[in-house]
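Line order of the protein sequences matches chains A and B. Each residue of the first sequence is one higher than the one before, starting from 1 at the first, in the numbering used here. Each residue of the second sequence is one higher than the one before, starting from 1 at the first, in the numbering used here.
Worth flagging that the hints you see were computed from the coordinates, not collected in a lab. Don't be surprised by glycine CBs; every beta carbon is placed ideally from N, CA and C. Please note that the accuracy of each hint is not assured.
Unchecked claim - Estimated spans, in silico, between C-beta atoms of each pair:
#, chain 1, residue 1, chain 2, residue 2, range
1, A, 8, B, 88, 57 to 67 Å
2, B, 48, A, 128, 23 to 33 Å
3, A, 33, B, 35, 51 to 61 Å
4, A, 248, B, 48, 23 to 33 Å
5, B, 72, A, 161, 43 to 53 Å
6, A, 169, B, 69, 46 to 56 Å
7, B, 36, A, 111, 44 to 54 Å
8, A, 163, B, 37, 19 to 29 Å
9, A, 55, B, 69, 15 to 25 Å
10, A, 48, B, 40, 23 to 33 Å
11, A, 209, B, 69, 32 to 42 Å
12, A, 248, B, 69, 42 to 52 Å
13, B, 19, A, 214, 28 to 38 Å
As the list claims (entries may be wrong) - A partial selection of chain B residues facing chain A, derived with a Cβ cut-off under 8 Å:
#, residue
14, 15
15, 19
16, 29
17, 33
18, 46
19, 49
20, 57
21, 64
22, 66
23, 70
24, 74
25, 77
26, 85
As the list claims (entries may be wrong) - Here are a few chain B residues that sit away from chain A, every Cβ distance over 10 Å (derived from the structure):
#, residue
27, 61
28, 94
29, 95
30, 96
31, 97
32, 98
33, 99
34, 100
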Amino acid sequence: MTLKDALFTPDEQERLFDHTFLQRELLEEQYATLEQQHETAAFGMWVFLATEVMFFGTLFVTVAVYRSLAPQAVETASTHLNWLIGGINTIVLLVSSLMMALAIHSAKLGDQRRVYRFLLATAALGLLFLCLKGVEYYLDYVEYLIPGWRFDKDKWLAPKNAGGDGLSSDQVGFVQIFLLLYWTMTGLHALHVTIGIGAVLTMAVLTSRGHFSAAYYTPVDVTGLYWHFVDLVWIFLLPTLYLLGTHSFHTL
Amino acid sequence: MATPMVSVKTYVTVLAVLVALTVLTVTVSFLPLAEGWHIGAGLTIAVAKASLVVLFFMHAIHSPRVTWCVIVMSIAWLLILFSLTLADFMTRSIVPFMPGH
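Using the sequences provided together with the hints, build the complete structure.
Given below as structure tokens:
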């Protein structure tokens with residue numbers, strides 16, 4: 001008689017151990033219950049997200065430093081970014097977060113078909129976000145907003161009545177650093193979205209193969225935490241990059 | 001597993017509030033505010049939105065205390081990062097730099 005047979009009835013064994021991914025036992029031996037295992041996995045993801053807070057935090061603090069050193073230059077540069085696509089993308093990610101929350105809601109109820117559909121909707125909205133981001137990057141390219149490669153210094157130096165921004169050459173240096181931070185932060189965020197789409201699609205495939213049940217859906221839940229975090233970062237990127245200055249409709 | 005659940009109605013209401021706050025934060029950026037108020041307003045709204053996402057979408061509201069420890073600690077570390085870094089940069093014009101001291 002194996003330990004497994006001693007601890008679980010055949011009925012429980014079928015529910016807990018069989019038909020699982022890679023024939024791995026559902027309940028790892030170091031845990032007493034599936035609930036404890038679930039809480040531990042979620043805790044691990046929360047700790048990872050805490051390290052991600054510090055990772056993005058250093059970039060946010062850099063924006064804060066440069067904004068305090070050269071407020072006018074940074075605010076002027078901020079108004080040149082595309083607030084419309086930035087705003088629409090915020091809503092796209094918020095809706096994708098709702099889809100993810102509904103997927104986990106369905107997972108708790110054991111409705112695998114709905115979990116699958118909501119996960120696909122989440123990934124599709126993530127993809128829409130990346131497409132809109134791509135359009136925005138193209139428009140930034142057209143408008144000479146790429147320091148070091150496609151950047152028009154004279155446009156920023158020209159006086160305001162001549163269609164420029166009326167900045168000093170020192171200030172244009174800060175404009176370039178701010179734009180560099182814009183590319184770094186949105187680029188790293190887009191990388192996180194890409195990884196998130198991969199994780200969500202993986203969960204969708206596992207769901208369709210019947211790996212989850214109302215008793216065991218921990219990977220879906222943990223993937224959800226990561227996806228919501230990516231949304232959280234964008235919630236803070238919107239005001240710190242796009243909304244620093246005063247917009248007017250003719251700067252669109 | 002008997003986990004407490006947030007209702008679908010609550011999720012949809014939270015999304016509606018989040019979208020409304022997004023529209024509000026973009027609208028505020030069109031108001032001719034004095035320097036510093038835009039980022040103040042933007043970050044205040046962002047903190048409100050982030051709290052909604054963490055509490056309801058990430059269901060922190062039903063999470064064990066150990067999760068709350070991680071949330072509180074990550075905010076605390078972030079505040080240390082910000083306060084110490086900015087304490088340096090924002091006082092450089094007040095405190096003279098003295099090489100060799």
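Against the structure, the hints:
no., hint, result
1, 8(A) - 88(B): 57 to 67 Å, "holds, 59 Å"
2, 48(B) - 128(A): 23 to 33 Å, "holds, 25 Å"
3, 33(A) - 35(B): 51 to 61 Å, "holds, 56 Å"
4, 248(A) - 48(B): 23 to 33 Å, "holds, 26 Å"
5, 72(B) - 161(A): 43 to 53 Å, "holds, 52 Å"
6, 169(A) - 69(B): 46 to 56 Å, "holds, 49 Å"
7, 36(B) - 111(A): 44 to 54 Å, "holds, 49 Å"
8, 163(A) - 37(B): 19 to 29 Å, "holds, 27 Å"
9, 55(A) - 69(B): 15 to 25 Å, "holds, 20 Å"
10, 48(A) - 40(B): 23 to 33 Å, "holds, 31 Å"
11, 209(A) - 69(B): 32 to 42 Å, "holds, 36 Å"
12, 248(A) - 69(B): 42 to 52 Å, "holds, 46 Å"
13, 19(B) - 214(A): 28 to 38 Å, "holds, 31 Å"
14, 15, "holds, 4 Å"
15, 19, "holds, 6 Å"
16, 29, "holds, 4 Å"
17, 33, "holds, 7 Å"
18, 46, "holds, 5 Å"
19, 49, "holds, 5 Å"
20, 57, "holds, 5 Å"
21, 64, "holds, 6 Å"
22, 66, "holds, 6 Å"
23, 70, "holds, 4 Å"
24, 74, "holds, 4 Å"
25, 77, "holds, 6 Å"
26, 85, "holds, 5 Å"
27, 61, "holds, 12 Å"
28, 94, "holds, 13 Å"
29, 95, "holds, 15 Å"
30, 96, "holds, 17 Å"
31, 97, "holds, 15 Å"
32, 98, "holds, 21 Å"
33, 99, "holds, 21 Å"
34, 100, "holds, 25 Å"
In summary, the structure agrees with every hint in the numbered list given earlier.
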